[in-house]
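Asker: Take a look at the letters that make up each chain.
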Amino acid sequence: MTSADPELFWALLYEFTRLGLISFGGANIAEMERVLVGQRGWIDAQTLANGFALGQVMPGPNMLAVTHYGFAVGGWAGAGAATLGFYGPTALISAAVALLWRRHSAHPWVSAFRDALLPFGAGVLLAGALVLGQGSVKGWPDLLLAMVAFVLLWRTRLNAAVVVVSAAAAGALLGL
Amino acid sequence: MSSPAAPSATLNTTSPPPTPLALFQLFFGVALSGIGGGLPAHTRRAVNARRWLTDVEFAESYTLAQLTPGPNAVNLAAMIGARLCGRLGALTSVLGVLLPGLTAMLGVTAVTLGLPGGLPGPVQSALRGAACAALGVMLTAALPVARVGADVRGGGVVMALTFLALGVLRLPLLPVLLVMLSAGLIIHRPRRASGDS
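Heads up: the protein sequence lines correspond to chains A and B, in order. Here the first sequence stands for residues 1 to 176, where the numbers follow the numbering used here. Here the second sequence stands for residues 1 to 197, where the numbers follow the numbering used here.
The hints are simulated quantities; they were obtained by calculation from the structure and are not laboratory data. Don't take every hint at face value.
Calculated Cβ distances over 10 Å to all of chain A for the following chain B residues [what the hints assert, rightly or not]: (1) Thr19; (2) Pro20; (3) Arg45; (4) Arg51; (5) Met79; (6) Gly86; (7) Ala134.
Covered stretches of chain A (chain B as the covering partner; in silico rule of three or more C-beta atoms under 8 Å from a C-beta of chain B) [what the hints assert, rightly or not]: (8) 67-79; (9) 82-95; (10) 121-134.
A virtual CB, placed ideally from N, CA and C, is assigned to each residue, including glycine.
Model the full assembly from the supplied sequences, consistent with the hints where possible.
Answerer: What follows is the structure, encoded as structure tokens:
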């Protein structure tokens with residue numbers, strides 16, 4: 001792996017720190033696509049979708065995809081930069097907020113802030129679903145598979161990993 | 001940490017008190033059981049079983065974890081860790097929730113991306129199938145959030161405009177955030193009269 005490029009390391013650390021700090025309530029796939037695929041040209045849409053899918057079957061938080069993206073760009077050092085940048089600063093902020101919250105939770109502007117942020121976070125998530133769909137759904141079989149997965153997850157108590165792994169098997173069988 | 005949240009800890013006599021090491025173990029287990037998502041639900045079950053947090057305390061931490069930037073599950077670990085054991089607790093909780101997946105992801109990535117000539121056909125097909133299902137996972141995560149967002153006054157409009165700006169027009173996030181947040185704060189600015197919520 002080519003991992004001895006300090007300039008690339010810092011660029012990755014910077015972009016993933018930024019991506020972490022501006023994702024609310026979940027993955028900010030739309031912004032990731034804009035920066036990593038469009039602006040920087042570090043990865044292609046297929047790698048973006050692959051990494052996201054891998055993240056779904058890994059134990060732990062779903063957005064471990066960032067580790068995959070970092071590795072694809074800059075090897076082991078890139079994976080380290082992406083992971084540290086994405087999770088480090090936001091975890092620090094969360095811990096600090098937790099320690100501060102009890103003192104200020106009664107303040108009226110705090111609940112105003114909460115009400116202002118909730119619909120924005122929802123819009124971000126929906127936009128991410130659209131962008132992800134454009135990357136991974138390229139035909140009717142794909143769309144059907146996505147819909148079946150959605151209905152199964154929405155209507156049954158099946159574990160998400162089971163659904164994703166089954167879809168992977170279906171994909172391999174159908175030769176998507 | 002001399003925290004005023006002591007009442008919840010005095011409820012029980014059986015389970016051990018939270019320590020940084022115990023938090024690491026708890027979140028390591030949460031990460032392993034949460035393959036495919038649902039980490040907050042697993043976290044809630046785990047801290048409830050140990051009686052380290054009341055339901056109200058958990059709900060508060062969960063809401064805050066959603067409102068602070070970054071991935072939910074990791075934020076939640078940092079918040080609960082900080083709340084129960086201060087800074088060291090936050091650190092061990094985050095490491096615990098990240099470590100299993102990070103190890104697995106690095107292993108799989110090093111193998112699949114290192115292959116000469118790219119991925120073999122069947123693996124590529126399998127990943128495309130998994131990506132379609134992952135889209136379904138994402139939708140099931142997004143819909144409850146959208147429901148909550150739509151329940152907020154003016155939320156439906158803010159949500160739709162955010163979706164259009166980011167998903168369709170592909171505008172950068174920060175300016176959109178500033179505009180939408182300002183609009184939301186104006187809509188929800190605290191009033192002196194007590195009549196509204």
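Asker: All the hints need checking, so say for each whether the structure fits it.
Answerer: Consistency of the hints with the structure:
1. Thr19: The claim stands: Thr19 of chain B keeps its Cβ more than 10 Å from every Cβ of chain A (closest is about 17 Å).
2. Pro20: At roughly 13 Å from the nearest Cβ of chain A, Pro20 of chain B sits farther out than 10 Å, so the non-interface label holds.
3. Arg45: Consistent with the label, Arg45 of chain B stays out of reach of chain A, its closest Cβ about 14 Å off (over 10 Å).
4. Arg51: holds, 19 Å
5. Met79: violated, 4 Å
6. Gly86: Incorrect as stated: the minimum Cβ-Cβ distance to chain A is 8 Å, not above 10 Å.
7. Ala134: violated, 4 Å
8. 67-79: holds (count 6)
9. 82-95: Held - the segment 82-95 of chain A has 10 residues with a Cβ nearer than 8 Å to chain B, which meets the minimum of three.
10. 121-134: With 13 residues in contact (Cβ-Cβ under 8 Å with chain B), the coverage given for the segment 121-134 of chain A holds.
Taken one by one, the earlier hints fail for this structure at numbers 5, 6, 7, listed in ascending order.
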